[in-house]
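The residues making up each chain are set out below.
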Amino acid sequence: MRTELPVVTAADFATDQDVRWCPGCGDYAILAQMKKMLPSLGVPRQNTVFISGIGCSSRFPYYMNTYGIHSIHGRAPAFATGLKVARPELSVWVITGDGDGLSIGGNHLMHAIRRNLDINIILFNNRIYGLTKGQYSPTSPLGKKTKTSPMGAIDNPLHPLSIAIGCEATFVARSIDTHIKHLEVVLRRAALHRGTAFVEIYQNCNVFNDGAWAYANNRQTKFENTIELEHGAPLVFGKSGQKGIRLNGLEPEVVELGTGIAENDLLVHDEQAAEPSLAYLLSRLRHEDGFPEPIGVFRAVDSPRYDEELNRQVDAARAQQGTGDLTQLFNSGETWTVS
Amino acid sequence: MTCPYCSAENLDGVDDCAECGQPLSDAHLADPSTAVEQRLLTDHVDVLSPKDPIAISAQTPVRDVLRMLVDRHIGCLIVAEQGKPIGIFSERDALVKLNTNAAALGDRPVSEFMTTAPETLEIGAKVAFAVQRMEVGGYRHLPIVGDTGELTGIISVRDILHYLTENLPDA
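Heads up: the sequence lines are chains A and B, in that order. Under this note's numbering, the first residue of the first sequence is numbered 1, with each subsequent residue one higher. Under this note's numbering, the first residue of the second sequence is numbered 1, with each subsequent residue one higher.
For reference, chain A alone in the conformation it holds in the complex (with noise of 0.2 Å):
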């Protein structure tokens, strides 16, 4: 006897909850290669679940035809590390953005970072804070005229991979809302990553920060703006590859190829290394400085996922002591009734 296994489609993971962001805005992007490429994972729409916190792109699980939850401001990696722990054949996802995962949220994401929970972290970065109509974040570049900086803002922006790699992040990569094939490919790299993967999505919001990665995206300069990361492969970019990014010490340069340099001169991406410092050089190049800015995988290596360790002590304990009694233990030790 044959049994036909359901098909499910990006059809399946749609709701019918109306949308409430701008028409126009990055987060419909990001949202429709979310469903589109979910199918290809296997998992059951039941075992997947979105965890928010407040925001535009907080608004996530509610667009999505599975469980999730829109939880506290910069919390959701608390919550999807208490989820992940007590249900680890779930697929978590946190849906986060500048502000709620780096400012409200940071020490929440740091350490969940850290602790490399088999969860996957997207971070919608639109460099402002939308949902409360236009103050700057922890990602607005100096000088940007805001609501809360009409002088324009003296903070030095946080650079999201700077930040994950330096909590030793295991799988960390960059993508944008519009380049959807590629950002497609970062999602599914990012779900199929056993630890904590942690993905930076250049997102325009259309009506508070419009064009803040135009650079990027924009189809007559993003060649030579953006640099596509390839594992073993050079760095060469531009619109004819014609360029390329070698180490001078310990400093990157842009070069042109053909005039006396060749690939071979240049530095090779190597997203597998044990060692993230060249993974962090590249989380440090920025369009300001004339350099290309690197999207796609920066690394992808494997280490002990914190629910897996936890839940193996967990047994170990039981193995040893046996099943506690919750109750026993609420009422041995210093005890006092209050009279």
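There are no misleading hints in this set.
Below, computed lysine-lysine pairings styled on DSSO-like, alpha-carbon distance capped at 27 Å:
id	chain 1	residue 1	chain 2	residue 2
1	B	K97	A	K144
2	A	K35	A	K181
3	B	K51	B	K84
4	A	K181	A	K239
5	A	K181	A	K36
6	A	K239	B	K84
7	B	K97	A	K145
8	B	K84	A	K145
The following label-pair restraints were derived from C-beta to C-beta distances:
id	chain 1	residue 1	chain 2	residue 2	range
9	B	V36	A	T15	27 to 37 Å
10	A	L267	B	L168	55 to 65 Å
11	A	G106	B	T115	28 to 38 Å
12	A	I261	B	A8	34 to 44 Å
13	B	D15	A	H111	34 to 44 Å
14	B	R92	A	A11	50 to 60 Å
15	A	Q313	B	V14	45 to 55 Å
16	A	N248	B	A8	34 to 44 Å
Negatives, chain B to chain A, calculated, CB over 10 Å:
id	residue
17	M1
18	T2
19	G13
20	T34
21	I54
22	A58
23	L66
24	R67
25	Q82
26	K97
27	R140
28	T152
29	R158
30	D159
31	L161
Honestly, the hints are just simulated from the structure, not real lab data. All values derive from a computational prediction rather than experimental measurement. Heads up, the beta-carbon is just placed ideally off N, CA and C, and yes, glycines get one too.
Fit chain B to the given chain A structure using the hints.
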């Protein structure tokens, strides 16, 4: 059909744009609370019919600049280099920076008095974004630029006022 966000051509019937991933139907959107809100979020600045900007070089004497403002009945001039805006000189700059010294300073280049690195908009920007930038930055004029940053037009707060008046629902 043509994507309203990136202008890419798509096959009829597809849900999302194959180029930028944006949904091609507004059926999923919540109803806006007012018609003005709807227009602000969907209209691009090209509906404001940006005017042809008057560009001058950075070396133009401010005497000539003031004369051009008066003769042409305009509120600002764009200072451009190789077609790209590098500064803006407005009637407000004339008042605040020149004022009663205008005659004495008449031979000085406009580059000494212009506002440098003016904020610009792309023609595809939403009207809502233009309003937001004018409000936050206190700008009365915003230059419009093309894909490679070349100056293509200019809009003023008066254009916004006209647009809002046209789109306000009848009482």
